[in-house]
Amino acid sequence: MARERTVSGILGALLIGFALLLAAGLVALAVMLGEAATRPVAIVGGALVAAFLALAGLILHRLAWPLDRLALDAGIIARENPGHRLGLVTRHWLGRIAEGIEAMRGRLTSAESHGTRALAEAQNQGAEQKRWLEAILLDLTEGIVVCNLQHQVLLYNQAAADLLGGTQSFGLGRSLFPFLAREPVLHALERQMQRLESGWAAPGPRFMCGAGGGERLLGARLGVVLDAKSAPNGYVLSFTELGEEETALAKRDDLLELATQGMRAPVANLRAAAETLSHNPDLPDAQRAAFQKVVLDESMALSNQLEALARGYRELGGGRWMMAEIHTNDLIASLNRRLMGAPLQLTATGLPDWLYGDSLSLLVLLELLLRQLHSATGAEAFDIAVSRSENRIYLDLIWRGEPIPAQQLGSWLNRSLIGGLGPLTGQAVLHRHGSDAWSQPAGPGMARLRIPLASAQAGPSRERPLRPQRPEFYDFDLLRHPVPTGRFAERPLKQLTYVAFDLETTGLKPADGDEVVSIAGVRIVNGRILTTETFERLVNPGRPIPETSIRFHGITDEMVRDKPPFAMVLPAFHRFAADAVLVAHNAAFDITFLNRAGGGLSFDQPVVDTLLLSAHLYPAEADHSLDAIAARLGLDVVDRHSAVHDSLLTAAILLRLLDRCEELGITRLGQLIAATDMVGRLRAHQHGFERHAAGSAS
Amino acid sequence: MSASILVADDEPNIVLSLEFLLKQAGFRVRTVSDGEAALAAIAQEPPDLVLLDVMIPGRDGYAVCQEIRGNPAWRGMRIIMLTAKGGEIQREKGLSLGADEYVTKPFSTRELVERIRRMLGS
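Residue numbers (numbering that gives the first Met the number 0), protein chains in the order written: chain W, 0 to 697; chain E, 0 to 121.
Just so you know, these hints were derived from the structure itself, not from any lab. Worth double-checking, as some hints may not be accurate.
To be verified - Only pairs whose alpha carbons sit at most 20 Å apart, straight line, appear in this in silico DMTMM-like list of lysine to aspartate or glutamate: (1) K22/E <-> E110/E; (2) K22/E <-> D47/E; (3) K562/W <-> D578/W; (4) K508/W <-> D561/W; (5) K493/W <-> E662/W; (6) K22/E <-> E35/E; (7) K22/E <-> D284/W; (8) K493/W <-> D284/W; (9) K493/W <-> E661/W; (10) K292/W <-> D99/E; (11) K562/W <-> E514/W; (12) K292/W <-> E274/W; (13) K22/E <-> E274/W; (14) K22/E <-> D281/W; (15) K292/W <-> D47/E.
Stated by the list, open to error - From the derived model, a few chain E residues whose C-beta atoms are all more than 12 Å from chain W: (16) S3; (17) G25; (18) P45; (19) G57; (20) F106.
To be verified - Pair by pair, the computed Cβ-Cβ distance ranges are: (21) G553/W <-> R114/E: 48 to 58 Å; (22) G69/E <-> S302/W: 39 to 49 Å; (23) L119/E <-> S415/W: 24 to 34 Å; (24) Q286/W <-> E44/E: 20 to 30 Å; (25) Q286/W <-> E35/E: 23 to 33 Å; (26) G69/E <-> H278/W: 47 to 57 Å.
None of the values given here were measured: they were computed from a predicted structure. Note that the Cβ used here is the ideal one computed from N, Cα and C, for glycine as well.
So here's chain W without its partners, still in its complex pose (with noise of 0.2 Å):
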């Protein structure tokens, strides 16, 4: 080991080095000068030395030394004990260099105790409050886990160790997986994200998850954990055990069967053989006693199913399915992802809306349909179509060939679903859901499963005012100007493809600068809405937008501030409506934003417009507005916070009108503008305003 090297060794050498070359020198001299010279040359050299061996004494002493330990005092206070004490000798001429350093470990030593002062208190606290946290997740039943994206567990209570399997195998930095079904779980998890994109923090409905290999059935929450940039970074899972809940939801189930259809039977044999009795006064006897044994026999049996209803009542709890409000568009994306590698084909049509269901049993049970259909059909293209009839939604699954018989669908449905359910079979999901499916023909060489489903009546929807009745505009250029031609004009009504738009402006003047501040729309192919094929922008209008249209519309200045000018936003609609009819609502004033912005872009094809259809074909009615069309046809589109709301009304509104127009023998594009266009020119004539927009827009 190389040896240290300190200032006094190599001043010391150094003086040393140097007394010995002075001494030499002297030497030297007294040679030269000869033997006169040695005493003299002695005596002074002698006195030479000596003072020179005591100023480097005087050196080494008070200057090579005192640096030394100073250098090896700051080692110690520097690494091991910064209360060590400088230990200098009283006189040095190290000056100051002595007091700067004692000061440094002055405020070293200050600061590293108020540093373990400021460590010991943090470390006080983060112990109390974990043992706060503790002792909360210690005293709730609910088990608690929370984890990761990556599904590892990174806290979690004793009841939910319990809950899961016990603490020998569940525990922190495992996968969740192997106690929770994971199905459950990341259906949950993609739903929350979803609400979380739609800007809904609140933690989401409870879900039915297995756990423990299927033994137990859970009902769990979940909610996910945001970092400080907002972006999720993992999720907590609260649970509790549905045996009794489940238990008690079954016993009510069978009850109500028991109290309904269970004594349906039964009154019915009694009421016919009553009435069989009572009717005919003359029956011979055998026969009269064999109708009497039947109403004694079905008298004794509807006593004791009444007694068991009132037993099981008295001894039924609370509790309720976990049944959520469901968006089919949501629920028909979670089932795309999960077709995803399958050979099969799912085109969303109809309105979307709001269902009440179960989530994740529906969708165990839609896939399970899809596949067995595909199988026993052969068929790899599927629309799954969503209708309305009063408080019920239909979910139907159209395909290309025969209906499925009633009993091949009946042997669908009582096997068990996989994917975390437990035991339940489809059947069970429909019953739990009061609902049925059946197969049926849909049109000619089509045919169609259907399952209906409860509608929620009031989806959580933002509310908006119904927009006020917009000025008609009438521009006959604009109406006449796509003549149908060719390849739109002899094809019937309901094979055309059509784009249905709509525009939402800073006000109703596109002649005094008003703009643009988004477009939606929607294509129609076949007579079908095809609710996946949306157009959504949102467009900059380049001037404020006044808080009369906020109202409305709910677009303000702060959600368009970064987005494009509608210019930009344009050629993107142009190609979504190529080869397509565009379908409007008094379509001259969306007509007239489309074709002001220029660009080069012409939009040439031919206009439907809904408010001088309805016109044309209800001349009775005097309001043809959307909403008061929608509310005469039946129809609704919950969702009146969607962009695409307005766009999916006059979708709706166009194809119950082109029936319509079937019916009065107008089936090809040519019939219907001619028939639009001279109720166009009476109702201008009549509001005395002929080609107002034309010319105000122009």
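Guided by the hints, dock chain E onto chain W, whose structure is given.
Relative to the frame of chain W, chain E by itself:
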């Protein structure tokens, strides 16, 4: 010749009454107690009307109804479904699958016989 009716129900007590009343009303009545037997009886001699309980063993009433409607030879056959399932959705299912009427138990036997008379034009 009088119209013929097939009663398909596995509840002997209701079959007893229905058979008696329908015969009394002048119909020819046969009875069966499961789905397969119903289809076999129909194939053997197609009745004018089938009184079909939904919850019969084997092929249920819905399946039998769909089978009847799938056979063009039986197009004119009338079907009344009888059921203890009283839900609107079940009713809609029965009518969607081709039943002419959907009658929920318990029912008035007199009204039922009247309805059958009207349906068969007798």
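Notebook entry, point to check: Which earlier hints turn out false for this structure, listed by number in ascending order?
Noted result: Violated hints (numbers, rising): 3, 4, 6, 8, 10, 15, 19, 20, 23, 26; every other hint is consistent with the structure.
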